[in-house]
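K.L.:
For reference, the chains in residue letters:
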Amino acid sequence: MGRVFWVVTSLVLGFAVHLATVLYLPGLTFQRSLARATTGASTNHFFVMAPERQSAMVPTASVQDIVGVCLLNLSKGSVVISAQVPRRLWNFAIYSASGQQAYGINDVQADGGSFTVDVSKSKSLLQQLTTKPEAEDASQIANVGWHAEIAEANGIALLWVPVPDAWQRPQLEKIIAQTTCHRK
Amino acid sequence: MSLLDRGQKPKDGGAGGGKSRVMKFPLGSVVLLIGVVSGYATGISALGRAGQVSVDGKWMQGVVNAKDPSALYAIGHFRQEGRLPPNHAALYFTRAVDDEGNALRSGCSYQLSGPQPSARWWSVSVEPPGGFAAASFTARDAVMSGDDQFSLALSKRALPGNWLAVPDIGSIQIALVMNEPYPLSKGAKLVLPTIKRLGCD
Chain A
207 MGRVFWVVTS
217 LVLGFAVHLA
227 TVLYLPGLTF
237 QRSLARATTG
247 ASTNHFFVMA
257 PERQSAMVPT
267 ASVQDIVGVC
277 LLNLSKGSVV
287 ISAQVPRRLW
297 NFAIYSASGQ
307 QAYGINDVQA
317 DGGSFTVDVS
327 KSKSLLQQLT
337 TKPEAEDASQ
347 IANVGWHAEI
357 AEANGIALLW
367 VPVPDAWQRP
377 QLEKIIAQTT
387 CHRK
Chain B
897 MSLLDRGQKP
907 KDGGAGGGKS
917 RVMKFPLGSV
927 VLLIGVVSGY
937 ATGISALGRA
947 GQVSVDGKWM
957 QGVVNAKDPS
967 ALYAIGHFRQ
977 EGRLPPNHAA
987 LYFTRAVDDE
997 GNALRSGCSY
1007 QLSGPQPSAR
1017 WWSVSVEPPG
1027 GFAAASFTAR
1037 DAVMSGDDQF
1047 SLALSKRALP
1057 GNWLAVPDIG
1067 SIQIALVMNE
1077 PYPLSKGAKL
1087 VLPTIKRLGC
1097 D
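Each protein sequence line maps, in turn, to chains A and B. Take the first sequence: its position 141, counting from 1, is numbered 347 in the working numbering, and each next residue is one higher. Take the second sequence: its position 163, counting from 1, is numbered 1059 in the working numbering, and each next residue is one higher.
These are calculated hints, taken from the structure and not from any lab test. For glycine and all other residues, C-beta sits at the position ideal for the given N, C-alpha and C. There could be a bad hint or two in this list.
[As the list claims (entries may be wrong)] Okay, the calculated bits of chain A under chain B, using three or more residues with CB under 8 Å as the criterion: (1) 208-216; (2) 220-227; (3) 234-240; (4) 267-281; (5) 298-312; (6) 364-370.
Looking at chain B on its own, in the form it has when it is part of the complex (with noise of 0.2 Å):
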């Protein structure tokens, strides 16, 4: 079957005087084709965003919950990434934008800075996106400021304080993991650092 042949005939005596050459399309193989396409890009989209809950608009928390109907797109998402989903006992959060919306890259400094992490161990990594850790900082590196809070430099360059060395890689994204993370408190809410733009190449 073509489009051709839903009463669409071709005539004769076209621009050139002679026969007209009309391409036919099989209409079903141009259906099955649709078909096989958006299957493709909405099974690969729903991966992409699955397995990921906005924590404030800016990071990311990397969440499989076996029991939820969706786990196997979450799941899947990792997979599809090379790796395994986040152990049950860590807490995963990503982030790809500064405070001010714009994506990060290895080209500029940035300030990381926020609560502790509460957990018995943590690390923030830079990687590429999609990719895994580049280079990372430890519990084991930091040095705290004894209020509490942490602020972690992240640049090509050195810088004082606490230091990440950024590769020189483009694209990045933020990766903080808390190993083995302590219950908040009743009422209180977890508080995530906050990545303020100091400059760029």
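Next comes chain A alone, as it looks inside the complex (with noise of 0.2 Å):
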């Protein structure tokens, strides 16, 4: 009896430990590149990333790429991305804080030098049951784009372009810069 008891505890510890080593070594571990990634950056603010530093945290992204990143905070309501892009190959995606990617445009299906989209966080169950219907809600919220949503507080918006020559990193870059993020 002694015996099974330690062997099925053993068990259960060793099960807990796995699912925390899986669901929480990994946050840990990105947070803290993301930390050395974004060195000082403010969250609802968008900013280019230094090309050596963009590749450490995008995989897709070479040094000679541009990304630009916005650290997003819903904690204190929606933000709204006003990206400016050139009008030539581009990708825009958010992901959540626990990596998940909610949403993502290109070029061709935003068909133009501008958009806009509105983030914010999804109501939890609880919410929506104690919440009004979503038709009373529909007619606050404004035309302003594109509307994403994610499950948790935090995230991360991400704007990438490919430089076709060096020579137009600056003029890009440049027009990538203007590109805002900021609550609404």
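Two chains, two frames, a set of hints: combine them into the complex.
P.N.:
Encoded structure:
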């Protein structure tokens, strides 16, 4: 009986440690990497990353590309991103703090030199049950373009633009740097 | 509770003639330690394997399918490396061995060749295993041969044609990123480049 107790305890503890390792360790490592890559950056503020830092955080970006970032903090309400983009290939994505890609749009889908995305935190099940129906809220939504929701209060918005020629980089950076990210 | 409590009492009169000194291992602590270590080890191992699918036995594709129950592990794999998972609009492949199965090293020269990557934008990068791009060659740098074939030399020393300068970082892996890939024609299969070793220092 005693042996069975310890074996079961060991299995339960092993499973708990396994889950903790899988759930929390990657998050801690990523937060450290993010802090290094975005040193000094405040939340809800758009900036262009240093080339040597962007590939450390974005596996699909090379050092030649341009990557703009906004660290989203939706705890005090939704955030509006007004992106200025060149009329060529680019990609915009929103990730939740846990790494899930919640939103993606490219130059073909946006069809223009600028676009706006309203990012908000999705309602929890309890909030959905206790707040007014969507139809009543709809009148309060400003017509700003696209709308994205993430399940967590924090997230990351990424704008990726490849550079066709090195001499075009300053010009492209200048366009992208006009992007804004601020609380609504 | 200890191992000694299970019917194995120490006897006097050991080799030294005095009282024997037997180290006591509390059974509970040992079992709990085994649980913690095995839970941690299986977690790290699962994160290391997740998020990667073998394409042809040599190229691995970084994949995160949000609908897959194992997405938690796949996302964790990239976050454990301090990176975001690949964008849904891109295909991300890595490779750590040449065509003969030898580990890629920065001290060797390689020839990467195959069909031109079928995407709106692509890049080939050299990176330390689990690290980030140390050097990249992108679609903008490439000179094509005209028959939809692409060839790229990866070496520390300058080589004729398309050339990616490899920094001296020891073990390397090669990452191929295809941003906004074109859809494959019906029945067609994605063919990824081969990597032939040309020589080593």
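K.L.:
Determine for every hint whether it applies to the structure shown.
P.N.:
The hints, checked one at a time:
1. For the region 208-216 of chain A, the proposed coverage by chain B is satisfied: 5 residues have a C-beta within less than 8 Å of a C-beta in that chain, meeting the threshold of three.
2. Coverage of the region 220-227 of chain A by chain B holds [criterion: at least 3 residues with CB-CB distance below 8 Å; count 8].
3. Only residues whose C-beta sits within less than 8 Å of a C-beta in chain B count toward coverage, and the region 234-240 of chain A has 5 of them, enough to reach three; the restraint holds.
4. Residues of the region 267-281 of chain A with a Cβ under 8 Å from some Cβ of chain B number 5, which satisfies the need for three, so the listed coverage holds.
5. Figure legend: the region 298-312 of chain A, annotated as covered by chain B; annotation consistent (8 residues with Cβ-Cβ distances under 8 Å, at least 3 required).
6. For the region 364-370 of chain A, the proposed coverage by chain B is satisfied: 5 residues have a C-beta within less than 8 Å of a C-beta in that chain, meeting the threshold of three.
Checked against the numbered hints listed earlier, the structure breaks none of them; every hint is satisfied.
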